[in-house]
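So the protein sequences, as listed, match chains A and B. Sequence positions in the first sequence follow this note's numbering and run 50 to 475. Sequence positions in the second sequence follow this note's numbering and run 14 to 445.
Some clues are possibly wrong.
Label pairs and their in silico Cβ distance ranges [as the list claims (entries may be wrong)]:
hint, chain 1, residue 1, chain 2, residue 2, range
1, A, N414, B, Y45, 54 to 62 angstroms
2, B, G205, A, N414, 40 to 48 angstroms
3, B, N256, A, L439, 48 to 56 angstroms
4, B, K246, A, S409, 22 to 30 angstroms
5, B, N328, A, N349, 32 to 40 angstroms
Since the hints were derived computationally from the structure, they do not count as laboratory data. From the three backbone atoms N, C-alpha and C, an ideal C-beta is built for every residue, glycine too.
Here's the letter readout for the chains.
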Amino acid sequence: MKNILLCFQVHHPFHFQTFRFLDIGTNKSYFDDLRIEREINEAATNYYLPVNDFLLKLIKKNKGKLKLAFYISGTAIDQFLMYEPEVLASFRQLADTGHVEFLGGTSSHSLISLTNRKDELVNQLADFQAKINYLFGKKPTVFVNSDLIYSDLIGKDVADSGYKAMITNGSRKTLIWRSSNYVYSNCIQPKMHVYFRNEMISDEFTNILNCQNSDVKDTSANNFISILRNLNQDEPLLNIYLDYKALGGFGIEKKEKFIQSFISHINRMANIDFKLPSEIAEIFGPVAEINANEPICWLNNFHSYYYPGNELQMEAIHQLYMIKEMIDSVDDINLQKDWQYLQTSDHVHLMDDQHPAYFSSNISNCIYKSKYDAFINFMNILDDFRMKILEEIEAKEKRKVGSQRIGKGKKETTPHHLSNKLHTDE
Amino acid sequence: MNVLMLGWEFPPNISGGLGTACEGIVKGLSAYNDVHVIFVVPKSTGYENSSNFQLIDAENVASTGNVIFTEYQSSNYRTIEISSRLLPYDTPEDFSKQKHFSNDKTESDIETDQSGLTSRTQNFHFTGKYGPDLFQEINNYALIVKIIAEHNQFEIIHVHDWLTFPAGIAARQISGKPLLVHVHSTDFDRSGGKVNPTIYSIEKQGFEQADNIIAVSNRIKKRIVSDYGISSKKITTVYNAINPKTGSNNQVKRKFNEKVVTFLGRITIQKGPEYFIEVARLVIQRMKNVRFVMAGNGDLMNKMVDLSAKYGISNKFHFTGFLKGKEIEEMLAMSDIVIMPSVSEPFGIVPLEAMQAKIPVIISLQSGVSELIRNVIKTDFWDINAMADAIHAIVSHNPLSKVMAREGNEEVNKFNWEQSAGHIRNIYLNTV
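Full structure from sequences and hints, please.
Have a look at this one:
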């Protein structure tokens, strides 16, 4: 019996705008709100709304034979809430069919798992679980790390946060000769099951969807089906994990046609089924332990074993999480939000020369010309953020002192005024 | 294959990147056994170092009247030197100011033409008078080159920049050999937009007469197409290069504890010196540990001194005057950042030299070299905020300056003149 996991990743980061060191202390926003809003509006119109509608019909038509899973990043969820709440409603409709599962993650597609701050990791995972539970009515039990990052230690830490299984990329670096089509277990915490994304089939699936030439598309679609037919039936799993964006956009009708024929082919075949990731965890045990000393990951057209990254990236991550201690004593909601959005992995990815953005013909999409620009912008934002935190902590201290004095009967400025004054003084 | 190459300066007698580039090309070509270069250069008597032109061993010097043919034989290229007073970066106005160069030699040059050497000047006419002395000199140079062209065997004529174009055209007419025009800059770049119409017409004529054109960057290629109306089909981009560093890195005593940001180049409108001062002003206002050095000379120097005084940053802003050879190396060794805010830079060799010296580099996007290199920070020349930002970041974040220095150095070490010369050789083969 063969089981297919069909998973889609939905992710949108909060893009930075250019932030010069001259902007430090000027209260300029870190994020390019116009771009973020424009992109999410376009994505909703061209991708999420039509495709979710299509998927809903497809699920109903197949009466339980089609099952899907989604990973929607925390930043994408926040952007939907801000600009396109309808999209979340359409995902909720999918959830209500009972044949769709939402996967767990970090609270803002962050790189927290690459640090040794386990307490923060546990917090982020719990926050995200609660968020998914609130939005879609079910607590996730299978975890997807940002960019599918996985290592032995990360697997163990995620297990300690209560997850039973996680999905990572079937990177050759870790699998070596092994097949991605089995369930494996973490070598430190065997209770943690690991499903590997089948790189070859997932990439081929994406290529066919994105193919513009309809002749080529038809032949490769036929080839693809025959590949599926000839899959080794002894291997229990086939994990197809792709970017949601492959489903929509240009040529959406042809894409829908391909998905439809793919699903009807699978349904016609004996001994092959769609399953939800959480069902797999209940049905299958692991065949072996897997070793991953160094983290692996999945970045479309970019890297499969990328972390810990180059010197600039390591420095940026190091400096970012140095702030962690300070942020804990801050209650300000806006600062906490900024803190979340600063951690999104996309900011760090851009500090690499090989990033697709630097080869794209659509230059206007990227404010940076090189990894150096990306690093500089990030560090400026971090400097400003650090300053804001320090100010806030100082203001908080003064509020405390102020309220104590008021308690003693001395007439002083109220804490509220004091904090306002502090901000304007700076 | 024999190449008749016409240039205007050759190290050490140089006033800019043109001579260095010519030397690089000639030396790069010497790696190919099938290419022989006869390099004709006007002897620039205005230079202090002219007697030191012993870079190449002189084998025989034939002097006829006022024309000195200095023939050098070194591996497989020869240099022929002609007495001339031309400086490649002079404008006609500057040139005519130099009073001690009078017209008297012109006649004797032509005399030479009439005596001894076979002359066919009557077959050859320049259209009209160019007027100022500089243009007269170009004429004379062309006449002399014509004589050289008659007395030497070659299959292609390769000329560098507008001053040699009339000579190249003359040589082409007399020999019937193809003309390859190598464009290191156009008057649009040099003048900051205030184009001299006479120079423009010489350039345009050169481009039109050329069988093939080499541009030092795509930026120049586009310029030749759009502003001179030349078909892009006959233009090929060949980037300049830099030869791997030889000799030891001399230890220079640092004079300041602060970080030093250096502008290295002629202080002319083309190089964007005023943007450098604006950037310095922004940075000095906010950072205590940074000093700025403007190293070079040029017609805007006094203006820049005034400007730095007006902004009250003179205590952290320094001028060195003209630097050469070893002084440039010492200046680089003292620098923590090198910045090239050129408004219009056809190529720009200084960033490559700085990368060789393991110094982080900031360059304007309006430079040809920005098409070639990755491990630098690129900004628009007018974007003083971005440049200030880059300086701040390099000074503040050690990992950034370390990575830029190391990866920049690795990148620049991959370049050499042999590669570029190989491209040029291919163009020779396609042209002949």
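*Hint numbers not upheld by this structure, sorted from lowest to highest*: Per hint list: 1, 2 and 5 violated.
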